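Generate coordinates for the entire structure from the input sequences, incorporating the hints supplied.
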Amino acid sequence: MRYLLIEDNQKLAGAIVERLQLDGHAVDHADRLDAASACMDVANYDLILLDIMLPDGDGRDFLQRQRRAEKRTPVIVITARSAVSDRISLLDLGADDYITKPFDFAELEARCRAVLRRQGGAADNQKTFEGTVLNLTTGALQFGDSSTNLRNRELRLLEVFFAAPGQVFSKSHLIDRMFSFSDEASENAIEVYVARLRKRLEGSGARIETVRGLGYRMIPA
Amino acid sequence: MKQPTSIRKRLFYQLAAVAAVLSLAFVLVVRGVASQAAEGTQDDILAASATAIADSLTSEDGEVTLELPYSALSMLGTINEDRVFYRVMVQGETLTGYTDLPVTRSPRRLDTPTFSTEMYRGDEVRVASVLRRVANTATGSEVVVSVAQTRSGLAAISRSITITATGVGLLFFLLATTLSLLAANSALRPLRRMTGAVTRRGPSDLRPVTAEAPKELVPLVDALNSFMGRLRASLSRTEDLISEAAHRVRTPLATVRTQAEVTHRKLNKPEHKKAIRDMIRAIDESSRSAGQILDHAMVTFRADSLALDPLDLIALINETCDRLAPTADLKDIALLRELPDSSVPFNGDGIMLQAALHNILDNAIKYSPEDSDIAVRIASGAELRVSIADQGRGFGGMDLKDLTTRYSRGTNVGDVVGSGLGLTIADEVARAHGGRLELSQSKEGQGACVSLILPYV
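Top line first, the protein sequences correspond to chains E and G.
Residue 1086 is where the first sequence starts when you use the numbering used here, and the numbers rise one by one after that.
Residue 6 is where the second sequence starts when you use the numbering used here, and the numbers rise one by one after that.
What the hints contain is simulated information worked out from the structure, not anything from laboratory work.
Treat the hints loosely; a few may be bogus.
Claimed, not checked - Short, incomplete list of chain E residues facing chain G, as computed with Cβ under 8 Å:
1. Asn-1094
2. Glu-1103
3. Arg-1104
4. Leu-1107
5. Ala-1165
6. Arg-1166
7. Ile-1173
8. Thr-1185
9. Ala-1191
10. Ala-1199
11. Asn-1237
12. Ser-1265
To be verified - Computed, partial: chain G to chain E, Cβ under 7 Å:
13. Thr-260
14. Arg-282
15. Ile-285
16. Leu-299
17. Asp-337
Keep in mind it's a predicted model, so treat the numbers as computed, not measured.
Glycine included, C-beta positions come from ideal geometry on N, C-alpha and C.
Next up, the structure:
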């Protein structure tokens, strides 16, 4: 996915960019509203992450200008204000969702997915492997005539394999991708979810193979 | 010296004391005037009687003689059962009558009677004496006619007048006292009204007092308003400072957390990963507590000046569920909305209710196991009941009172991050709307069920 991050704090912006890139996303960073407008003139983004307090204006004004210009790129506001009243006014201004600093990237990703699903702009956000199609936004898994919807953790796990077919991923890497920091995760849990995915993929052109001592990889069936 | 604590009492006592003095004065004056009048009447009759006797004096052969006119004495007999005495003295010698009747004040001038009060035969008597000159010899003789009467009738009259006067005085005192009580109350009514207007306020309602104040209280009201103005300014500065401080730390916290996530991903050793994970959890905990403390302050503030707006509870619940669905999704928790299609209108404070629902639902997600369901239901009867039931660890036998106490947490929370304010917030919102929070075991047999119960206003 392609993100535009509008955030004036360089350190935070740098960390967010690096963190999103780790999950395989493309991120452009603008530290001012005019830079953000320039970015939007030349590129199409799946999602905008918007900070409110910026050196050349208020993020809320930017939001309103976007909505008046009928630009529908989803916006998730990153706010330092946690009060309910602040949050409600953000939604009234046309933000699709908001997330309060400091935030969990797993939660950010879940919110991005939810926003994209609501927008219906999820159709092109999919990956194909051996005739098996995984929609990264909706979690729909299609092969042949069958279509199922993965649950969140199944999707997050399969997404890793679809990003790099054939590559071996360690259990520890998979734990990082599947669980947020508030969860107690164990290697057993990975085995449970891999077993589930195998069931889901039965009859498709893909299967998940155990590489003894190393981890798992996705290979053609 | 101990000062009287109540203006009303002081006012009442002062008015009552004045009434008592006036009543006493009234009784004394009436009694004095009445007894004087009665004495005057007796004196007049005695004098008339003595004069009538004196008029009957004649001179015969150089001797003074008297044909006592009984009418003169009978006019005295009208008064009660008083006894009447008389004595006629010619040149100091008793001519007729009671020789031992004391006449201490002999009249010196003709036609001017003298009066005196004496003790005679064990009774008090009033004596009136007149002087006559009878021409029986060349020089004439001086005759003193004295008529006396006991005073028991007079005392009776005086007593009855005193009783009546005392009765009237007492009645006046009671009446005046009652009126003083009313007057004291009515004089203090504006003060009470203002006191009421001030005490009914919540602790954060610092608007100026606008209750109508009598002229004497205007300076007090002005002083109060100016004091509240200064307090308001100081409070709002403090509030700004707190929320500003809370916001300022959030950006660096976000930087630290994000960098920690990046580092966590790059590390391989489990013990290093664990250290970073603990750090991230600590950041989440502080951020969550800060948010809930601000939410709690907001709820307390709004509860004091509760604004009731018409709103749709279903829309509110749906918004809250939409907001938390991604969080639930992370743990593969399904939010089952068992809600009617139609709207459920309710008058309440939308922001507070949202804070309450958010905290209850957030709690439910936090304590739910992965791959479980959370049911959100609404039932309307005499009151509205919004229930959120999870399949988590339940309340471990703790009751509502313990769990809604600020910063208290269940005994079975284990390692779940929390500040202990979530249910406190929900409980305060419920009570601000005249409702309550109810904790129970879920219908499903395990897990917790939190119900927000709201009466229709």
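Results for each hint:
1. Annotation: interface hint on Asn-1094/E holds; nearest CB of chain G at approximately 6 Å, less than 8 Å.
2. Below 8 Å, beta-carbon pairs count as interface contacts, and Glu-1103/E has one with chain G at about 5 Å; its hint therefore holds.
3. Because the beta carbon of Arg-1104/E sits about 5 Å from the nearest beta carbon in chain G, less than 8 Å, this interface hint is met.
4. Interface hint at Leu-1107/E: satisfied, since its Cβ lies 5 Å from the closest Cβ of chain G, which is below the 8 Å cut-off.
5. Evaluation of the Ala-1165/E hint against chain G yields a held restraint, the C-beta minimum of about 4 Å falling below 8 Å.
6. With a least beta-carbon distance of about 6 Å to chain G, the hint placing Arg-1166/E at the interface is held under the 8 Å criterion.
7. Using the Cβ-Cβ criterion of 8 Å, the hint placing Ile-1173/E at the interface with chain G is satisfied: the shortest such distance is roughly 7 Å.
8. The criterion of a C-beta within 8 Å of any C-beta in chain G is met by Thr-1185/E, whose closest approach is roughly 7 Å, and the hint holds.
9. Because the beta carbon of Ala-1191/E sits about 6 Å from the nearest beta carbon in chain G, less than 8 Å, this interface hint is met.
10. Evaluation of the Ala-1199/E hint against chain G yields a held restraint, the C-beta minimum of about 5 Å falling below 8 Å.
11. Look at Asn-1237/E: its Cβ gets to within about 4 Å of chain G, closer than 8 Å, so that hint holds up.
12. Given hint, Ser-1265/E at the interface with chain G, holds; its Cβ is 5 Å from that chain's nearest Cβ, closer than 8 Å.
13. At about 4 Å, the closest approach between the beta carbon of Thr-260/G and any beta carbon in chain E falls short of 7 Å, and the interface hint on this residue holds.
14. The beta carbon of Arg-282/G is positioned within 7 Å of a beta carbon in chain E (closest approach about 6 Å), and the interface hint is therefore held.
15. Checking Ile-285/G against chain E by beta carbon gives a least distance of about 5 Å; that is within 7 Å, so the hint holds.
16. Contact between Leu-299/G and chain E, as hinted, is supported at the beta carbon level, the nearest pair being about 6 Å apart and thus within 7 Å.
17. Because the smallest distance between the Cβ of Asp-337/G and any Cβ of chain E comes to about 5 Å, under 7 Å, the interface hint for this residue holds.
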